[in-house]
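Protein chains: 2
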Amino acid sequence: MSDIPIRKEVEAIKDYIPGKNPTEPGVVKLASNENPFGPSPKSVKAIGEEAGRLQIYPDQKSTRLREALAGKLGVGPENIICGNGSDDIMQVIASTYIEPGDEVIVSKNTFSLYELVTRLFGGKLVLVDLKEAALDLAALAGAVTKKTKVIFLTNPNNPTGTIFTAAEFAAFKKKVPDNVLVVVDEAYAEFAENPDFPNSINYVKEGRNVIVLRTFSKFFGLAGLRVGYGVARPELIAPMFRTKMPFNVNRLAQAGAAAALDDDDFMAKTLQNNGAGKDLLYAELDKLGYKYKKTEANFVFVSTVKPADEVFLELMKKGVIIRPLTSFGFPNAIRVSIGTPEQNKKFLAALASC
Amino acid sequence: MSDIPIRKEVEAIKDYIPGKNPTEPGVVKLASNENPFGPSPKSVKAIGEEAGRLQIYPDQKSTRLREALAGKLGVGPENIICGNGSDDIMQVIASTYIEPGDEVIVSKNTFSLYELVTRLFGGKLVLVDLKEAALDLAALAGAVTKKTKVIFLTNPNNPTGTIFTAAEFAAFKKKVPDNVLVVVDEAYAEFAENPDFPNSINYVKEGRNVIVLRTFSKFFGLAGLRVGYGVARPELIAPMFRTKMPFNVNRLAQAGAAAALDDDDFMAKTLQNNGAGKDLLYAELDKLGYKYKKTEANFVFVSTVKPADEVFLELMKKGVIIRPLTSFGFPNAIRVSIGTPEQNKKFLAALASC
Chain C
0 MSDIPIRKEV EAIKDYIPGK NPTEPGVVKL ASNENPFGPS PKSVKAIGEE
50 AGRLQIYPDQ KSTRLREALA GKLGVGPENI ICGNGSDDIM QVIASTYIEP
100 GDEVIVSKNT FSLYELVTRL FGGKLVLVDL KEAALDLAAL AGAVTKKTKV
150 IFLTNPNNPT GTIFTAAEFA AFKKKVPDNV LVVVDEAYAE FAENPDFPNS
200 INYVKEGRNV IVLRTFSKFF GLAGLRVGYG VARPELIAPM FRTKMPFNVN
250 RLAQAGAAAA LDDDDFMAKT LQNNGAGKDL LYAELDKLGY KYKKTEANFV
300 FVSTVKPADE VFLELMKKGV IIRPLTSFGF PNAIRVSIGT PEQNKKFLAA
350 LASC
Chain D
0 MSDIPIRKEV EAIKDYIPGK NPTEPGVVKL ASNENPFGPS PKSVKAIGEE
50 AGRLQIYPDQ KSTRLREALA GKLGVGPENI ICGNGSDDIM QVIASTYIEP
100 GDEVIVSKNT FSLYELVTRL FGGKLVLVDL KEAALDLAAL AGAVTKKTKV
150 IFLTNPNNPT GTIFTAAEFA AFKKKVPDNV LVVVDEAYAE FAENPDFPNS
200 INYVKEGRNV IVLRTFSKFF GLAGLRVGYG VARPELIAPM FRTKMPFNVN
250 RLAQAGAAAA LDDDDFMAKT LQNNGAGKDL LYAELDKLGY KYKKTEANFV
300 FVSTVKPADE VFLELMKKGV IIRPLTSFGF PNAIRVSIGT PEQNKKFLAA
350 LASC
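Same order as they appear, the protein sequences are chains C and D.
Position 190 of the first sequence, counted from 1, bears residue number 189 in numbering that gives the first Met the number 0, the numbering being contiguous throughout.
Position 72 of the second sequence, counted from 1, bears residue number 71 in numbering that gives the first Met the number 0, the numbering being contiguous throughout.
Chain C extracted, bound-state conformation (with noise of 0.2 angstroms):
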């Protein structure tokens, strides 16, 4: 039988890593940054209420769900398109700007996916160090050649929690041209409480060649549902909706995702949670001597001491499992999702008897 080669650009992607899941129950995952409270219970009922209708295929524009975010960001339905998750939307970013032998700026040492997409439409990755383990604006301006067609930024930034301030994205802005497409990956934005924490959409509205990328999966834990979304101006998102598949967001996702933007109550849970998770976080490690990053997001950044792929076999052993670094280029570094309190004091007591 004859070989069907592959394309040369799929020979360079490396299989992508996810958490581990439990496989034996009072396992703790703290490994993939979801919601410890599951999701909206408003989510859940709506849900119900639609699987009766899934013979009916989905609405190809998410027309209600991009109004309903459409009214709690200040847009128009137009500024919005909603995907399979966010990564989704990455890949019809990719598929309907990169053209092959654009020049891509990414980050190394973070989310992979903007690699993945990258090659996957043949751009030309160019990648650039972080700096103290965060974003390095300045480099990744300075890394702009006449070629660039995307920049990718994470803020907060995944695996660090690290952010870079309004500030300093409006900088960072200046010095990139303005023909160069700037997506900015917010999958952790809800979470970030710092007074500095750029407002993006603010860019969305002036017109600017800015995609905001936002999750159903983290904040509003919905990771198993698919829903993700982009928000820039018309202009950019129309012809995403040409290259997306036509019914990417299935009709459940749909449901679900719109009832969780109402529910309140659990959006003030969530916060509070994450808040006083990150609180005992920073005091038990800061007792354990654990070096760690200050989080926007609902992980934590712990530099370990042992390889991190050790303390991953170890914590498992003790029925907690987080996420060893190695893949993301941290070899003494773990992430830990915030838990709920009874979790976080389950990941630290096995800490501390590592």
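Since the hints were derived computationally from the structure, they do not count as laboratory data.
Some hints here could point you the wrong way.
Treat identical chains as interchangeable: a pair holds within one or across any two.
In silico BS3-like cross-links for lysine-lysine, where the CA-CA straight-line distance does not exceed 30 angstroms [said to hold, decoys possible]:
1. K145 - K123
2. K60 - K316
3. K317 - K60
4. K19 - K71
5. K7 - K204
6. K123 - K146
Here the structure of chain C is known, so what remains is to put chain D in place on it, guided by the hints.
The following block gives chain D in isolation, referenced to the frame of chain C:
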């Protein structure tokens, strides 16, 4: 504000035109080949049980669903990849195998997504005419050149409901060089009753370069949930796991689809209704003097004297939505999905007074 140029290939992509959804109660939709019985109750139950766990990311590999499918098809899980609808798998095939400049052979006037995914990855479309509204396998094989990478076939064909037989497919495969990847989209295969319908999975078992695409959208009534799959030899499937988005199939889709496979009553009822619907439609269309194609799917291709777009509007006024085939390249034909007996009768009565 500078414009961000879209890719050259994207300029040629047309909007996907979906079936129209009813906006008023009592309107019958026979436009998108949806199962008139809705989803299987077993799927709805499985979805309800899974909805409370939506904070957890889906299994990247859809392991349980692939195992269930493998058991039904008599292949191994390593022969199967699941997608967010089979259109997702079409995109993954293109992203894995189609290099810019590769020739991709597609029939004219059929499902439009083969064209979309080919354009997205810079493939060169080679379009082949239908012959008497059916795929022309001889002409498709005759279009092969040294640059041909992929051929997309649809069996049963959409929108004509025609099939190519096992003997015709065998003859086609003999003519087509072994280093050409043949993708057979069998979205409607479960409805095919003709004993000459090919067993394409046998080609997979023999290790040939064939990818069979199936979906839960039609027969299983889960169009709104988004689950499709590809079946091929493991060497063809493995690289596709690297190019797909990691969490492409949502948790509810994995659970709901697996449950549907166990609902023998639902499957029997769906098949029985479809057969009876065909008989009714054939008999009444004969009486009304309409020409149509005998179908192996869950829809009937009906030729119209008036322009299809006019027939569409007249039927819609009478509360029945069908698909005018103008956008498929048949300005004088409609496609009507087979519904419940009541829905079929409502369509026939509306058509009689057109």
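A quick look at each hint next to the structure:
no., hint, verdict
1, K145 - K123, "both (13 angstroms within a copy, 28 angstroms between copies)"
2, K60 - K316, "between (46 angstroms within a copy, 25 angstroms between copies)"
3, K317 - K60, "between (46 angstroms within a copy, 27 angstroms between copies)"
4, K19 - K71, "between (34 angstroms within a copy, 29 angstroms between copies)"
5, K7 - K204, "between (39 angstroms within a copy, 28 angstroms between copies)"
6, K123 - K146, "both (9 angstroms within a copy, 25 angstroms between copies)"
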